[in-house]
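**Student:** Next come the chains, spelled out residue by residue.
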Amino acid sequence: MHKNNNPILLKNIRVIDASQNLDQEMNIIVNNGIISYFENSKKNIPFNEKDFRSINCKDKILSPGIFDLRVYLNETNNENVSILKNAAVKSGVLKMGILPFQKPLLDNPIMIEHLIEKTNFNNDKFFYPYGGATKELKGNEIAELGLMAEVGAIGFTDAPNCIQDSLVMRRVMSYAKMLEKPILQNPEDKSLAGLTASNSTTIQGEMNEGEVSTRLGLVGIPSCAEVMIVERDLRLAELTGVHYHVSNVSTKETVEVIKRAKLNGIKITCDTSPPYFSLNELELSTYDTSFKLSPPLRNEEDRIAIQNAIFDNTIDVITSDHKPMSNDTKILPFTSASTGASGIETLLPLTLNLLNKLDVSIMNILKKITLNPSKLLKVEIPKIKSNEKANFIIFDPNEQYLINKNSLQTSPTPFHGRPVQGKNYMSMMNGEIVFDNLDLL
Amino acid sequence: MNKIHKINKTPPPIATLNSKNLLSIEGMNKLEINSILDRADYFADLDPLKIIKTLNGYVILNVFFENSTRTRVSFELAGRRLGAEVINISVDKSSIKKGESLLDTANTLSAMKPNLLIVRHPESGAPKLFSDYLNCSIVNAGDGRHEHPTQALLDALTIRRRLGRIEGLKIAICGDILNSRVARSNIHLLTTLGVEVRCIAPPTLMPKSLENLGVNCFNSLKDGINNVNAIMLLRLQSERMSGTESPSKREYYRFYGLDEEKLSMAHHDAVIMHPGPMNRGVEIASSLADNEDRSLIKTQVEIGVAIRMATIEAVYNAQK
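Protein sequence lines, in the order shown, are assigned to chains A and B.
Just so it is clear: in the first sequence, position 271 is 271 by this note's numbering, and no numbers are missing.
Take any residue in the second sequence, count from 1 to its spot, add 1000: that is its number in this note's numbering.
Check each hint, because a few of them may be wrong.
Said to hold, decoys possible - Taking CB as the label site, the calculated pair distances span: (1) B:1212 with A:383: 19 to 27 Å; (2) A:326 with B:1135: 19 to 27 Å; (3) B:1203 with A:264: 54 to 62 Å; (4) A:241 with B:1277: 39 to 47 Å; (5) A:379 with B:1133: 15 to 23 Å; (6) B:1167 with A:262: 34 to 42 Å; (7) B:1135 with A:58: 50 to 58 Å.
As the list claims (entries may be wrong) - Sample of chain A residues with no beta-carbon within 12 Å of chain B, all distances over it, derived: (8) 81; (9) 138; (10) 211; (11) 215; (12) 287; (13) 335; (14) 378.
Note that these hints are calculated values from the structure, not bench results.
For glycine and all other residues, C-beta sits at the position ideal for the given N, C-alpha and C.
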């Protein structure tokens, strides 16, 4: 990946590092992977530019790499790991939380250890696995949370499953509290989210319940199936004192409940992902299965509520909820098609798109994909300052283009053909260039 | 039977469709619908032996992923009467589960270069998926809970032949609307043609926001059928009758089963329809089902062939 071995001089680059509350135009030199010069761009550079690979980065942004809170690897094999790594570094994601739902499940210490060993990258940790909260993610028995924490599990979740049983949830929470790890829940009351016939076969809900599901003849999931679980869990979080995290907030009601809980001082955080602040249920009207997501796309009122909750900081983190699926499981009638979509490659531009919709600072938006996830999981992200190893991304926040599914490495995307702005041009991890398109700037 | 109906001297033209597929009634306009009804009306009165076989060499595949005798036979007969070659393929669900994906199946069928695929599938939207990937025309013969367009067309023609018009009528649709593709197609068709549509169902079988489709919703059958000209009953699957969506058969029959007494609330010569197969003593009293003055259930089946002929012909024409 090295373009050349000369030290790199980044001129007039806007450095945004929320951890230091820094937003300044700087000149930076990276030499042998170390930030050797780091000064305000108004100062003259006391070196001869010819000795450097010098790039004028006016209006470009340098920020810590994205920490993607929730990503599905699907399977711990070399091919998947390498596809995900490549897609991630290209898109500016330098750390990610790996969800336990994969083959084999990450619900025991051996698999956690295996994943960490397998994915060690540039002597830096790139993948941070969660442990399954319950055995086989079935929601019945507590998994070996202590042993998994010992070998590096950063938190616990059954995602995409939701822990339905209140007693199991209470026990998992009290255990996680003892281990000082967060518990992540994908809230959805399963019995309410589908149709149950008397022969006890359950038909899973397929989309948000409302006029669109009625027109399409798809099984609806009422939006209250989400908030009901959150309300129950909040009681249990109060009882146990655990750090409770709600994944993929998608409804207006959930936002309101979380906002209230935060005011009441309950230890709660939450995230959402771009589909829920960018799209609504109308997208499904052609039965396009790339919009088949969990939770389902909601109505426009919900979408606006999610967007506003990002703005007022009720929502702490934006994550990709990356769950790539092959065409074999997606090009099917809607009911048979799998749930989920890729997201890691579109996380940065779709997040930056919020700047056009909300009166919010770019630092505040970047916080939600960098500093906040790292604080939530208590994983330190390296600071951008002199004499530190280079750990950052460089992106153009203004470049406009259309998302094209054919130029993405993972599929499917629900955002094909959508105009966005913001593109990553360089990723440096632990002093190494892992992605470099700076010459195209 | 007092048919208010005349045989046209000059046959109406082949029906016009704006698409080479018939996937749903939603999205069709009044002209398209009426052109199919007019043409089918003409076919319904024609001696099948006198029909000019205009579709010689046209290949139709009846691809049924779900069991259905009446609809399959109806399409088959319609195709054959027009001179087309109709091949029935019943795709066993288990063979799909053995590995071949739906799209592979579709591509295999497509390689045989059929002109038209008539698709029935248990999942909503499956015919749309076929139309996205195949070149031939697709006619939806019922998909999941979504639509059953030709059923709605034949229902409309049955009513028109009996009552002389459609516009301005009051029509009730009663039963398991939540799970019914027939209800959805009928709602779109009847509202498009200017009918006051009333949907009647227990709250557990009423889909959300149904009124946004331009209908009035009732939980009470008696209120809902007040002064209506026609009542369309829907089949209630037996697995929904024992404590899930409905407490019991007898409770359902008590409140939603159509009998003489409830029928007396409707217009004095209101007609009764049912897409079949019926559950006697659940959706309808047995005596009413057999009452030929009121029940159009048999006529619906007869008209079905004519509607499907008009549809196949229209699709053929739209392909040109």
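**Student:** Are the hints correct? Go through all of them and say.
**Tutor:** Each hint tested on the structure:
Our hint of 19 to 27 Å for residue 1212 of chain B and residue 383 of chain A is violated, since their Cβ atoms are close to 53 Å apart. Between residue 326 of chain A and residue 1135 of chain B the CB atoms are about 25 Å apart, so this pair conforms to the stated range of 19 to 27 Å. The supplied range of 54 to 62 Å is broken by residue 1203 of chain B and residue 264 of chain A, whose beta-carbon atoms lie about 35 Å from each other. In this structure, residue 241 of chain A and residue 1277 of chain B break the distance hint of 39 to 47 Å, their C-beta atoms being roughly 59 Å apart.
Roughly 45 Å separates the CB atoms of residue 379 of chain A and residue 1133 of chain B, a value that falls outside the hinted 15 to 23 Å. At roughly 57 Å, the beta carbons of residue 1167 of chain B and residue 262 of chain A sit outside the given window of 34 to 42 Å. For residue 1135 of chain B and residue 58 of chain A, the hinted distance range of 50 to 58 Å is satisfied, since their beta carbons lie about 52 Å from each other. The Cβ of residue 81 of chain A sits about 27 Å from the closest Cβ of chain B, beyond the 12 Å cut-off, so the non-interface label holds.
Every beta carbon of chain B lies more than 12 Å from that of residue 138 of chain A, the smallest distance being close to 24 Å; the non-interface claim holds. With a least beta-carbon separation of about 4 Å from chain B, residue 211 of chain A fails to lie farther than 12 Å from that chain, contradicting its non-interface assignment. Taking the minimum C-beta to C-beta distance to chain B, about 7 Å, the non-interface status of residue 215 of chain A is violated against the 12 Å cut. For residue 287 of chain A, the shortest C-beta to C-beta distance to chain B comes to about 3 Å, within the 12 Å cut-off, and the non-interface label is violated.
The beta carbon of residue 335 of chain A is not kept farther than 12 Å from every beta carbon of chain B, the shortest such distance being approximately 4 Å. In this structure residue 378 of chain A is separated from chain B by more than 12 Å, as the shortest Cβ-Cβ distance comes to about 42 Å.
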